[in-house]
Amino acid sequence: MTVSINEISASPGFGHDLPPHTLQDMLRYMMLARALDERMWVLNRAGKAPFVISCQGHEAAQVGAAFALSRGKDFVLPYYRGLATVLVMGMTPTEVMLGLFARATDPSSGGRQMPAHYGCRRLKIVTQSSPVGTQIAHAAGIGLAEKIKGGDAVAWVSFGEGTTSQGDFHEALNLAAVHRLPVIFQCENNEYAISVHQRQQMAVASVADRGPAYGIPGISVDGTDVLAVYEVTRRAVERARRGDGPTLIEARVVRMTAHSSDDNDRTYRPPHELTLVRHQDPIVRFVAQLREHGILSEAEEQAMRAEVAAIVDRATEEAERAPMPEPETLYDHVYAPARPRR
Amino acid sequence: MPEMNLLEAIRQGLDEAMAADTRVFIFGEDVGKRGGVFRVTEGLYDKYGPMRVIDSPLAESVIVGACIGAAMNDTLPIAEIQFADFIAPAFNQIVQEAARIHYRSNGDWEVPLVIRTPYGGGIHGALYHSQSVEAFFAHVPGLKVVTPSTPYDAKGLLKSAIEDPNPVLFLEHKKTYRLIKGFVPEEDYRVPIGPADIKRPGEDISVFAYGLMLHYCLEAAQTLAAEGVSVEVVDLRTLRPLDTETILASVRRTGKALIVHEDNLFGGFGGEVAAIIAEHAFEDLDGPVMRIGGPDVPAMPFAHSLEAAFMPSPASIATAMRRLAAY
Ligand SMILES: Cc1ncc(C[n+]2csc(CCOP(=O)(O)OP(=O)(O)O)c2C)c(N)n1
Ligand SMILES: [Mg+2]
Numbered sequence: 563m564t565v566s567i568n569e570i571s572a573s574p575g576f577g578h579d580l581p582p583h584t585l586q587d588m589l590r591y592m593m594l595a596r597a598l599d600e601r602m603w604v605l606n607r608a609g610k611a612p613f614v615i616s617c618q619g620h621e622a623a624q625v626g627a628a629f630a631l632s633r634g635k636d637f638v639l640p641y642y643r644g645l646a647t648v649l650v651m652g653m654t655p656t657e658v659m660l661g662l663f664a665r666a667t668d669p670s671s672g673g674r675q676m677p678a679h680y681g682c683r684r685l686k687i688v689t690q691s692s693p694v695g696t697q698i699a700h701a702a703g704i705g706l707a708e709k710i711k712g713g714d715a716v717a718w719v720s721f722g723e724g725t726t727s728q729g730d731f732h733e734a735l736n737l738a739a740v741h742r743l744p745v746i747f748q749c750e751n752n753e754y755a756i757s758v759h760q761r762q763q764m765a766v767a768s769v770a771d772r773g774p775a776y777g778i779p780g781i782s783v784d785g786t787d788v789l790a791v792y793e794v795t796r797r798a799v800e801r802a803r804r805g806d807g808p809t810l811i812e813a814r815v816v817r818m819t820a821h822s823s824d825d826n827d828r829t830y831r832p833p834h835e836l837t838l839v840r841h842q843d844p845i846v847r848f849v850a851q852l853r854e855h856g857i858l859s860e861a862e863e864q865a866m867r868a869e870v871a872a873i874v875d876r877a878t879e880e881a882e883r884a885p886m887p888e889p890e891t892l893y894d895h896v897y898a899p900a901r902p903r904r
Numbered sequence: 017m018p019e020m021n022l023l024e025a026i027r028q029g030l031d032e033a034m035a036a037d038t039r040v041f042i043f044g045e046d047v048g049k050r051g052g053v054f055r056v057t058e059g060l061y062d063k064y065g066p067m068r069v070i071d072s073p074l075a076e077s078v079i080v081g082a083c084i085g086a087a088m089n090d091t092l093p094i095a096e097i098q099f100a101d102f103i104a105p106a107f108n109q110i111v112q113e114a115a116r117i118h119y120r121s122n123g124d125w126e127v128p129l130v131i132r133t134p135y136g137g138g139i140h141g142a143l144y145h146s147q148s149v150e151a152f153f154a155h156v157p158g159l160k161v162v163t164p165s166t167p168y169d170a171k172g173l174l175k176s177a178i179e180d181p182n183p184v185l186f187l188e189h190k191k192t193y194r195l196i197k198g199f200v201p202e203e204d205y206r207v208p209i210g211p212a213d214i215k216r217p218g219e220d221i222s223v224f225a226y227g228l229m230l231h232y233c234l235e236a237a238q239t240l241a242a243e244g245v246s247v248e249v250v251d252l253r254t255l256r257p258l259d260t261e262t263i264l265a266s267v268r269r270t271g272k273a274l275i276v277h278e279d280n281l282f283g284g285f286g287g288e289v290a291a292i293i294a295e296h297a298f299e300d301l302d303g304p305v306m307r308i309g310g311p312d313v314p315a316m317p318f319a320h321s322l323e324a325a326f327m328p329s330p331a332s333i334a335t336a337m338r339r340l341a342a343y
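If you're matching them up, the sequences are chains Z and B in order. Read in order, the letters of the first sequence are residues 563 to 904 in the working numbering. Read in order, the letters of the second sequence are residues 17 to 343 in the working numbering.
The following block holds chain B by itself, in its conformation from the complex (with noise of 0.2 Å):
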């Protein structure tokens, strides 16, 4: 099995996924020869030619107003928003329109489509180069949101989108780009979209995360494991839909939650994760649920200083770890 880092493993889904259905096109800024501003597209333009794999111009809303367009005319379109930062304009189609075509006219139009985004911080992108967008597209039923943190589940989950009916928001954190490496099997396989992954078991308390903070915990879990401390870290890797089934059957074995995520606290992800924990795990909590996200500051700013106060880090989240243990 070839290792490989998170950002080939995805080059390898959608070269795979081209090579082996016709209908597959990508869309989006500076996708053709330069191969996307990240190189996740590099080789395809040449390989599959600019018919598929296409320029768009620099306009994110007709970027994703075309792929749905595209998409009810019977090919299958992985838009690429260079940045999570500038999804913004396309708000509108991806949410009244991509979100809410299957079910406005009654389940009689599908929209199979993947729009792909790097999000996050931690590489110096400042306010507008950092950000993370889940929770705007997470509460919005009709969409799915799908955050891998590991070479094989981004390829993995990546053919699953590409082949879901539905609008699939692929979330990339570009930090996990080229820091993280895994072993991709040589073999076609799918991870399917929606079940969460025990990444690391343990026993004592639960930690839910996904992107790059998944890894972060990871790190803080074996700190802790040191201590005598056993943290089971579970990857959400699909936020909608969640799979609230492996979440409260871990909350249930350890009695305790953390949630973290790199987007900020207030409204974040983690108070939906929480909400479920506390509705339905109650009985079972031998601790108050807490979450760690990032500060509720507009976004992350560029100076080092201040985007590393601002990023949670292995030591703030087992700092975390520690205080819920000790319940």
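Same shape as in the complex, but just chain Z (with noise of 0.2 Å):
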């Protein structure tokens, strides 16, 4: 059931018959989640900000699979490299920055986890932990409660594929399979977990080979062709709506950063690769596609540059500006307090 990518982009014109402001759209938040990522790393350096981890290289992964999702509505559970896919879903970039800085109104967390690990629940960004893979399994449950309860939402998870060797990922997918559950599994494949290479962590060519084996498709595409994500996440969606059941995305995408803020990936990775990395940039790709099809001038493509870099300024100045946790509230949210009886 591996579903080749040929078959994909054999589909319709350039764009899927998205119109062009949403391909525009979609190119604002691509930059926007880079222009944010880069003014982390900048923050970082300056020591303002103590931990920062990318999404750059995944932008056309998460914003291609968003746009295929219903917002507000569909649960996503992304990972810490889902900055695309949080701001696709309507976290906002001040929202972002508060995070990072740690803040009292800072969404996901009031300040309390790592960066990055994003959770709002009037947007159904399920809160994230450290552990890698316990989301997986949190996915087939809600899907598993979205059938119970007779809904059409689906879930919505990613993760690495270093993480596809945890058990969380097997059990979750197999009982995903089993009961037909509305999940999207998109794996970001990215080659590497920290300094580990793909080829250490699986004996299978891609992340898309497992889903045939628990008896549900597996789709491998170019997870920096951000159209091409777009419409194996829409049919994954429309899939998962009607009651089929659950897919496997790899979608292979680089890693334009290290690991993290603590990691120095040149300790691992041969300078030609971290060249040839630079030119597999999602954005740059898009920009041309648009380009060429004549969605974008140039005109255009600067004044949404512009635009984005003032919204980041912004977002970072109102978020340093907010301020920190109250000590004595340590203490709150150990134990929700008792609801009424219904």
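Relax, there's no trap hidden among the hints.
With a Cα cut of at most 25 Å, we get these calculated BS3-like pairs of lysine-lysine:
hint	chain 1	residue 1	chain 2	residue 2
1	B	K49	Z	K709
2	B	K63	Z	K709
3	B	K215	B	K197
4	Z	K711	B	K175
5	Z	K711	B	K49
6	B	K175	B	K49
7	Z	K709	Z	K635
8	B	K175	B	K215
9	B	K63	B	K49
10	B	K175	B	K63
11	Z	K711	Z	K635
12	B	K63	Z	K711
13	B	K175	B	K197
For the record, the hints were derived by calculation from the structure and aren't laboratory data.
Starting from two chains that each stand alone, build the complex the way the hints lay out.
This is the structure in structure tokens:
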């Protein structure tokens, strides 16, 4: 059942019939995620942000997928590289920066968690932790509840390829497959788990190969091609809403930075690879595509970059000004208060 | 008031909770047609169907993990771990996820989840069907740990657990399932999570226990009564949050404290109770705070002779009570 990528690209014309303004929106989100991410590194080097973990190189995979979801209805469980995902789902740049600075009004955790552990109940962004892979089981459970309730929301969950070695990945795929749960499993394969290459992580060539073993489709897609990811995700969402069950999508991406601000990838990645990665920038690629199809003029591109830069400036200033959590709040929310019986 | 055993009380609690609220569902190994290996969920599959009494794959981490997800999607899951001995694969999901989600999201998300699991020995279950796991989990803030010892408490606490917006680990001593009988009212009632219960008032010494050991303590107290020693037996019922007030009030009255559990002693739950008493009731003590627990061996062996040597008994508890009373 592994679908080949040729079949996907053979479908409609450019843009899969998405209107030009939607295509431009996709690009804007990708640029916004990149600009925020780059600013975070600057703040880190300036000593203002103790920890940064990037989505650079993953933007197309995340924006493409998120545009195929229904915002506010579908659940997303993005792992720590999911900056572009949460932006599309409705988290604001200021809110993201509040998380970076661990401010009291950080919507994900009120400054309790490390940055990039996203969550926001209102936006159906499910709170994330640090042990990798646990969220994959939660996604299956959200799908199970949806099936029990007879609803048609889907759960979309992301994780890295290294995380597919965790038991929770296998247990969750299996459960979702057995019960045909409305879940979309997106593996963002950047070939590295910190320093460990995919070759030492698995003996299969593609994470998508795992799908058929559980009786579900496994699709490998170029994760630097935002429209290809959009299209495979759209089909997976349709399938899930129809009640036909989960899909495993491997989005092949590049990690354009070190693992995190605490890592130095020059110690394990060959120099030519670091150069090559720069040439696989999903944003450069999408800009070229839009330009080629007459959907984005040079002036529009420049305007978009300026707009995004201004948003990042404002978000950084607002978040930096926001207060830190009060020490007395340390003891808040250990247990949820009892609710009235219904 | 009908009399029933502890297992039947739990089943009745499950049944009534499922009838009252369609959000409640059960997820675990063999809970469906088979009704669970101990028959706790017997009849529920026929009554509520395969969408609400669901046989899970044989995978504990995703049993709990999926129930966490389901709890965050407006349902009230009851996970069953077939034996507490097999909860280890789900430790990560229980401790890192269920217990921390409310705190880490700054109160945004809740996990109204009950994890039921049979624990404890004395039933020839050997190393891997006899374990007591409460100490691992009682250590974790954000998690509630409940250990009922009577049918009345079991049903009432179960309903409270299902309605609680927090994850609750509901530990059922498997030897009490059919051994312990009691009256359970027909009407809807709750036993709140938290408060301990004085099962036998007394004046000379205070004994704290839960689960099967509670009953062994009551038996030993009966023996001591004949010898002229008045023993107060306090059923802790909930280990987390712990009712320190009732514990301290009892010790202040008697001046003597003994804690009994089947789990091994070192780092066991009794250590926490002892520390609380030592810190807050030191001036009232007329003797050392004593503890009885299982021996510090990896787990309970199978051979009858070895199992008997492992389990605290009414006799060994009575011996300790006499020593304490003599101070
Ligand atoms: C259970 C667990 N073990 C180890 C770690 C430390 N760790 C954090 S990220 C990571 C690598 C993850 O790689 P991958 O899943 O490929 O995601 P990527 O960071 O490449 O996007 C490791 C080992 C962790 N967070 N959780
Ligand atoms: Mg990776």
